[in-house]
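Here is what each chain is made of, one letter per residue.
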Amino acid sequence: MRTVLTRRFSLWVFFASLLVWPALGCDRPEDKPLKVSLSNTEHAGIVKENKKSGTLHIAVSAVISPEETFVLYKDLLDYISEKLGVKIELVQRQTYEEINNLVRDNKLDLAFVCSGAYVDGHDKFGMELLVAPVAYGEAVYYSYIIVPESSPARDLGDLRGKRFAFTDPMSNTGKLAPTFMLAQQDEDIDSYFSEYIFTYSHDRSIEMVAYSLVDGASVDSLIWEYINTTDPSLTSRTRIINKSPPFGIPPVVVPSSLDREMKENLRKLFLSIHTDEEGRKILEKLHIDRYIVQDNHQYDSIRKMRTVVPDQ
Amino acid sequence: MKIISWLPRFIRTRLAYKFCLVFLLVITSLCVIIYFAINSIVTRTLYEQHKLRGVSIAANLASNAVDFLLVENFSQLQLLLRNTQKSEQDAVYLFVLDAKGRVPAHTFPGGFPSDLKKLNQGFDDQPYNARLIKIDHLVLQDIAVPVLDGSLGYVHLGFSRQTIEQQLQNIRLRIFFVCILACAISIILAVFFSRRINRPISNLTNIATAMANGDLEQQVDLRGMDEVAILARSFNHMRNSIRRTIADLEKENNERRQAAKALNDAYDIINKSRSVAFLWKNVEGWPVEFVSTNVRNLFGYSADDFTSGRISYAQVIHPEDVNRVAQEVVLHREMEGRQDFDHAPYRIITKEGQVKWISDNTIIRKDSQGRVTHFQGIVEDITQRKQVEDERDRLISAIEQADEIIVITDSRGTIQYVNPVFEKVTGYASGEALGENPRILKSGEHDEAYYQQMWKTITSGETWNGRIVNRKKDGSLYTEEMSISPVFDRSGRTINYVAVKRDITHVLHLEKQLRLAQKMEAIGLMAGGVAHDLNNILAGIVGYPELLLMTLTKDSELRKPIMDIREAGKRAAAVVDDLLTVARGAAKARTVHDLNQLVREYLHSPEYKKLKSLFPKVEWQSQLVAAHSSIACSPVHIKKVVMNLVTNAAEAIVEQGSVIVSTSNQYVDEAAGAVHEIAAGEYIVLKVQDTGPGISLADAEHIFEPFYTKKTLGRSGTGLGLTVVWNTVKDHEGKILVENKGQGTCFVLYLPVRAGGEEAVPAVDDKPEDLAGRGERILVVDDEPVLRDIAGQMLRSLGYRVDSVGSGESALEFIRENPVDLVVLDMLMEPGMNGRQTYEKIIRLYPGQKAVIASGFSKSDDVKTALRLGVGGFIKKPYSVEQLGRVVKEVLQK
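Quick mapping for you: the protein sequence lines, in order, are chains A and B.
Per the numbering used here, residue 1 is the first one in the first sequence, and the count goes up by one each step.
Per the numbering used here, residue 313 is the first one in the second sequence, and the count goes up by one each step.
In case anyone wonders, no lab produced these hints; they're calculated from the structure.
Quantities reported herein were computed from a predicted structural model and do not represent experimental measurements.
Worth double-checking, as some hints may not be accurate.
What the hints assert, rightly or not - Which chain A residues face chain B? A few, computed with CB under 8 angstroms, are given here:
id	residue
1	L34
2	K35
3	L38
4	H43
5	R93
6	S150
7	S151
8	A153
9	G157
10	S233
11	R237
12	I241
13	E264
Said to hold, decoys possible - List of simulated lysine-lysine pairs, BS3-like, C-alpha gap at most 30 angstroms:
id	chain 1	residue 1	chain 2	residue 2
14	A	K35	B	K412
15	A	K285	B	K412
16	A	K107	B	K921
17	A	K32	B	K866
18	A	K35	B	K430
19	A	K87	B	K412
20	B	K398	A	K32
21	B	K921	A	K74
22	B	K921	B	K866
No residue lacks a Cβ here, since even glycine has one placed at the ideal position from N, Cα and C.
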């Protein structure tokens, strides 16, 4: 009798467990929805803020894309913040001109700008040269005319009537240099190329050439060389068909109104980065040997080109 | 409750319904389970995919928002959000929350609901964060994706589940219908199969019911290979097995009943018997695990006293026996292969304190590992038997250790028992004697009538007493005194005869020796009594003829008869001398002599020459070859022994024959010594052998007795010759044996060899000498007038001046007045002082007075004392002129 009861009980337990099992698997406590009210609303949106005191505003021109710039310069900016004991705020803009305007309006304390933008800023509103980097052993850089690897073009002349990509209207290597080359042949970009675009960063220009979205592009030699080491699969799809004469390397600038002591502190700091272990590692990542004090005249060749191409 | 009340009814219902219901229940349950399982899985999968889609949209948006956020192009960002919302039907809202907690773009037309900012909480470095939120009645999935690892902020997407919910609803409906269909088909199949299975089962049920009612004859007739057919066959097989099992069980039951009855009977037998069954544990004290209830009869204790542990078995064993019992247990328990053993009987003490003897047969019990766990035993009271056995043992010991010979025969006279004394006396071992008739001992010394008389007595139920001569196994005879009694059984029938016998051979021998000794003693007494007087008388018979002969002429006719008188006197003196030797033994003073020399001296003596002349036809031989021939002896006696034996040998020869005298050496060992009754050692054997007719057996026993002679009296000898020989040999620690072989007699004498010591005294040559005196004055003292006269005449004839007196006192008186050169003193003088006393007095007057002692006896103690005091010589009476003259001369010349 006892055995029969036990067996029957086991049977009931079996069926009950079968019924309960799927129910257990269905809803879990964490799946319970969180109640949210939409009744409390606020005014959202952001207006561009004025410069805050106690914070160093440093801009980096869009030599490369904003995301790449953010990643690349983050360590250097953190280093400066730590050495000077101040907060650093990175400021990026789509164009060189926007950065130059922020320098002009004293909304920045320091900026990494393109050589073209420097010449423009220096000549127009006294943008001051703080230091300049030495990369690959020299304090100069070049403009490369690149075409897709499969392109039959051998020089700039082969790109007539083709699609072309410039970087920024204010860019030296990305716009001024090729325009100057064409100007010397009495050509202008509007008639020479079937169409052209501004990519607003050298890495995007390289990418567009690599994927044959354009037939050619003019890019900063420093950026091409940098990508050639970090992502050689991309540069290997491009081919350099023209290398310009050397230009003064893109410098680090400050507004002329910047406090003199701060200016000196910043220069000293830049000139000494390569002397400590941490700074050297950061410079290695940026493919920079060290920073030096650069003479303004190093950029005269650019000034000369600007006279030939007055639009710049 | 309803189910519980319904269940019993369901259990009792038909198998087909049960099958249908169970089948339906199972299928339905499975359908429900499947429905919920599928629903659960599909819901989860769709929700997961929906969520991942939302994540993908948000992630894409976040990627696109990076540059806008970096270059602070918020209008473009807003445009991006709006366009995305438009393209995604389920996107209820979108907003970007920057790193500083600001909302640079969103899709809420009426302003941004600040509560949504809370959704960003709890975001930990994950690629996205999704959580369910409920806005009014709408349940949404809020998906947050970081922009540039969160360093620029987060994109939030409010993703509706509406589309998904509709899809889920459709799927659930389809599953439900499939389940319903499955249930319906299952019921139809269940009904079909239950009917099909039930039919043969009903058949089986009917037969099983019949079997339950005792009908085991019916068989299930189902063919095929399906389970029911197999079941039917198994059922038939089972039916056969049950029939066999029932038969086996009945058989087994019968056997068990018989075994139980047998066990009860056995137990009853044990309990009614005098034997007690025990089961002991193999531990110290042997506690009892089981004991038959009749234990009380033997031990006084109840079975419960033992099994309850109140009393262990060791406690009831007698303290003097318990160690021995334990040793026996240990001995047999350790013995390889030992199954059971018998204890030697031991004692127990009953509850009432009574001591009982018991026998104990113990069986050893072992477990499967071979360890001894228990002992079981049958214990029996053997007190009475033990007493009887002890009694019998005592009797046996008494018989075995008795000095008497005990022989038990059956009624026909066949020997059934002999005791060790029988073996010792007869030489027959027990094994040789048993089964034989006592006539094996028959000596032939008794005639048949003697034995018939004996049988007649004992068969008539009387006891026969008597003396019988029997023969030992080695052939020698022995005499036994015996008493034979019949043994009767209860009915009075003779069943055995018991002979109790004593070997009296030695006793008879001793008796004979005693008789001889007594005879000797009587002779000695007589001889001692007459010797002195006789010697004194003979002194005259020997002395006067000698004096007469000195006066007669050589051709005088009187000379012959006077010489015969003198010889007769000498012979008479010799008889007296022999008598004294026999009575008092040979002289105790021993000197070492060469026996060969003594024999030779005899062979050169006048007596031997005379003998040879008397027996001219006899051949005389001598073989004196003993290398070691020194003996400590009295030479006079030994020479006399030789003479007597040689004389006897010569006289034994009838006409012709030979007499052989020989000496040799022989070592007598212990065994031979025991036979001849002499000590072991080196002996010189003197044999005197003749070739005469020999001595009859009857005579042989008496030849050493005094005056027992076959010789013609007066022809020769004194009747004491062999008696003297026997006594002399005995006095010299020797032995004389008579070998009587029918061809003559051989006397064999064993005399112990004296190794080294005193040199043999060479015999004095009796050459003629000058015995004449020179007128020395001599006083003769003797109470016998004849002897005074003879001595006086003899000494005077030799040239001495002689005076004589009749007593010691007279001698003292004389000598005080008249000193003399020498005194001849008789030892025994009556009444008054004897010779020694007289001499003692004389030497007080004249110290160093020379004297000679004369006596009819050999040297007595008084003679020896006198010699020690200073008497110079001794002469035995009767003496000749020569003998007296020599001793007087010797003393005077000292």
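Results of checking the hints against the structure:
Evaluation of the A/L34 hint against chain B yields a held restraint, the C-beta minimum of about 5 angstroms falling below 8 angstroms. Evaluation of the A/K35 hint against chain B yields a held restraint, the C-beta minimum of about 5 angstroms falling below 8 angstroms. Hint status for A/L38: holds, given a least beta-carbon distance of 4 angstroms to chain B, under 8 angstroms. Evaluation of the A/H43 hint against chain B yields a held restraint, the C-beta minimum of about 7 angstroms falling below 8 angstroms.
Contact between A/R93 and chain B, as hinted, is supported at the beta carbon level, the nearest pair being about 5 angstroms apart and thus within 8 angstroms. Contact between A/S150 and chain B, as hinted, is not supported at the beta carbon level, the nearest pair being about 29 angstroms apart and thus beyond 8 angstroms. Look at A/S151: its Cβ only gets to about 28 angstroms from chain B, farther than 8 angstroms, so that hint breaks. For A/A153, the interface hint is violated, since its Cβ never comes within 8 angstroms of a Cβ in chain B; the closest pair sits about 30 angstroms apart.
Taking 8 angstroms as the C-beta contact cut-off toward chain B, the hint placing A/G157 at the interface is violated, the least distance being around 35 angstroms. Given the 8 angstroms rule on beta carbons, the hint for A/S233 is violated: about 21 angstroms separates it from the nearest Cβ of chain B. Because the smallest distance between the Cβ of A/R237 and any Cβ of chain B comes to about 23 angstroms, over 8 angstroms, the interface hint for this residue is violated. At its closest, the beta carbon of A/I241 sits 30 angstroms from a beta carbon of chain B; the interface hint therefore is violated under the 8 angstroms criterion.
Annotation: interface hint on A/E264 violated; nearest CB of chain B at approximately 30 angstroms, more than 8 angstroms. At most 30 angstroms may separate the alpha-carbon atoms for a hinted pair to count; A/K35 and B/K412 meet this at roughly 25 angstroms. Of the supplied pair hints, the one linking A/K285 and B/K412 holds, its CA atoms being roughly 28 angstroms apart against a limit of 30 angstroms. Restraint check: the Cα-Cα separation between A/K107 and B/K921 comes to about 198 angstroms, which exceeds 30 angstroms; the hinted pair is violated.
For the suggested pair A/K32 and B/K866, the alpha carbons sit about 196 angstroms apart, so the restraint of at most 30 angstroms is broken. Distance restraint check for A/K35 and B/K430: the Cα-Cα separation of roughly 11 angstroms lies within the 30 angstroms cut-off, and the hinted pair is therefore satisfied. For the hint linking A/K87 to B/K412, the alpha-carbon distance of about 15 angstroms falls within 30 angstroms, and the restraint holds. As the CA atoms of B/K398 and A/K32 are separated by approximately 28 angstroms, the hinted pair is consistent with the 30 angstroms bound.
Pair hint B/K921 plus A/K74 does not hold up; C-alpha atoms about 179 angstroms apart against a cutoff of 30 angstroms. The hinted pair formed by B/K921 and B/K866 meets the criterion: a straight-line CA distance of about 24 angstroms does not exceed 30 angstroms.
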